[in-house]
Amino acid sequence: MRVSKFSGFRLVREALRGHRGWTPLWRNPEPQPTYDIVIVGGGGHGLATAYYLAKVFGQTRIAVLEKGWLGSGNVGRNTTIIRSNYLLPGNQPFYEFSMKLWENLEQDLNFNAMVSQRGIINLIHSDAQRDAYRRRGNAMLLSGADARLLSREDLRDLVPFLNYDDARFPIRGGLMQPRAGTARHDGVAWGYARGADALGVDLVQNCEVTGFRTRDGRICGVETSRGPIDAGKVGIAVAGSSGRVMALAGLRLPIESHVLQAFVTEGLKPVIPGVLTFGAGHFYISQSDKGGLVFGGDIDGYNSYAQRGNLPVVEDVVESGMALMPMIGRARLLRSWGGVVDMSMDGSPIIDRTPVDGLYFNGGWCYGGFKATPASGYAFAHLIATGRPHASAAAYRLDRFARGHVIDERGAGAQPNLH
Amino acid sequence: MLIPHPLLGPRDAQEFTYLGDARLLARPDGMAEGAEAAFYDYVYLRNNPAGVHRELWFHEHGDRSWLVVTRDTLTHDILGAELATDVVRRERPR
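Protein chains in written order, with the working numbering: chain A, 144 to 562; chain B, 16 to 109.
It should be emphasised that the hints constitute simulated quantities derived from the structure, not laboratory data.
Just so it is clear, CB atoms sit at the ideal spot from N, CA and C, and this is done for glycine as well.
Certain hints may be false.
[What the hints assert, rightly or not] Just the calculated beta-carbon pair ranges, DEER-fashion:
1. A/Thr-177 <-> B/Glu-106: 44 to 50 Å
2. B/Gly-95 <-> A/Pro-167: 47 to 53 Å
3. B/Leu-94 <-> A/Gly-556: 54 to 60 Å
[To be verified] For lysine to any residue, the following SDA-like pairs were computed, each having C-alpha atoms within a straight-line distance of at most 25 Å:
4. A/Lys-210 <-> A/Gly-354
5. A/Lys-210 <-> B/Asp-87
6. A/Lys-243 <-> A/Ala-423
7. A/Lys-210 <-> B/Ala-50
8. A/Lys-210 <-> B/Ala-65
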């Protein structure tokens, strides 16, 4: 397979030749009748899974089946934040593994995913919150991640424009992870797609899975809108639609589908240095390389597959933004959109086998799936190739709810719209 | 979204808080055989349909009644609402 490497030298050469030498990033193959491994879902996680299956675990004859176009779901709808600032032992090592993969992603893929480690700051508004964030910071350090507790004075130097003396929620400091940041979300999907395609993975678009074929309790293929495809193993990575797809295999999940909205303003000059999160409400904001302020907040809170939200949450998110940094009121909102997310019963994801032999499930990412993309793909590939969970994802079992081993960062209980 | 409250007429969905699938009304018997499995199903597993969904909304900033709202999760169209007490009386006559 001919793969042309990207480089500065090549860019100059193409510029001098009128940019006529660029070729498509991946083939657009017809589905074959048989594969060893079929991955359902051509988003970030599915493409990353296929890439690592081929690259790290030496698997061949792999297909990714995508009902729309590659990267048409949540990998193109999120707020692009990458971070590993979790608390619990089942979570934090996984996200730190992901962070380490992000740090070498572009060299690995030879693709500019615009990974920018500009730091994240979680703001502190009370003494109790400082204690909680100090504990979280220590948990991060123990997992090998980085964390810094910032005083109010440190913060004023870094982000002078915040509303420090709000009567209700004064800002007392922050927990910073300097290695966190943002990445170009579509670029991540395209980079993994190009990498997987170059390793021989068939990326089949406009191919919706409509059923599973089993023999003696073992998976033997999938029915699709483009005909049946035999497969030795099938991996599902369709977060947002997990309930719908797994219902085809007769499984009910500890997941509800909810809509999460995101927003971007018109392009502005550089004003926000990294990612900021409001500790008194649910609001997070960063600035894209194009200049738009990218922000979001709570999910709408009711079951939805609509990929659009309603105005009360728009009002709520914007109110939080105004409370945190009043200057945001001068920016004009350019676009808002919604993505459908798998809200799991404990707020943490699932990467595991299923009761159907040879059928593997990856989902329940709540609104935190983007940052997990590399580690999710790696751990899912590990599980599919070896039959054993990757060490970093060993807690993400499907049966953890029945066993009582939930991973509940928020302590909100089995109420998906509170995670 | 406007929820057609059976007693109060159309009310803004913002006045309500959302709990989830109306199947939560049918709480398993904790003393029965197989209660552990039944509660695992009740607490954690959801049908999560794409389409018509019967769900529990609480009129927190209103008359504090529980409603069973029938809503399409693909379009957010609200197809009906009734008092949860009426639903329970109808579906589980004592």
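Evaluated hints:
no.: 1; hint: A/Thr-177 <-> B/Glu-106: 44 to 50 Å; in the structure: holds (48 Å)
no.: 2; hint: B/Gly-95 <-> A/Pro-167: 47 to 53 Å; in the structure: holds (50 Å)
no.: 3; hint: B/Leu-94 <-> A/Gly-556: 54 to 60 Å; in the structure: violated (29 Å)
no.: 4; hint: A/Lys-210 <-> A/Gly-354; in the structure: holds (13 Å)
no.: 5; hint: A/Lys-210 <-> B/Asp-87; in the structure: holds (22 Å)
no.: 6; hint: A/Lys-243 <-> A/Ala-423; in the structure: violated (30 Å)
no.: 7; hint: A/Lys-210 <-> B/Ala-50; in the structure: violated (40 Å)
no.: 8; hint: A/Lys-210 <-> B/Ala-65; in the structure: holds (16 Å)
Violated hints, listed in ascending order, are 3, 6 and 7; each of the other numbered hints is respected by the structure.
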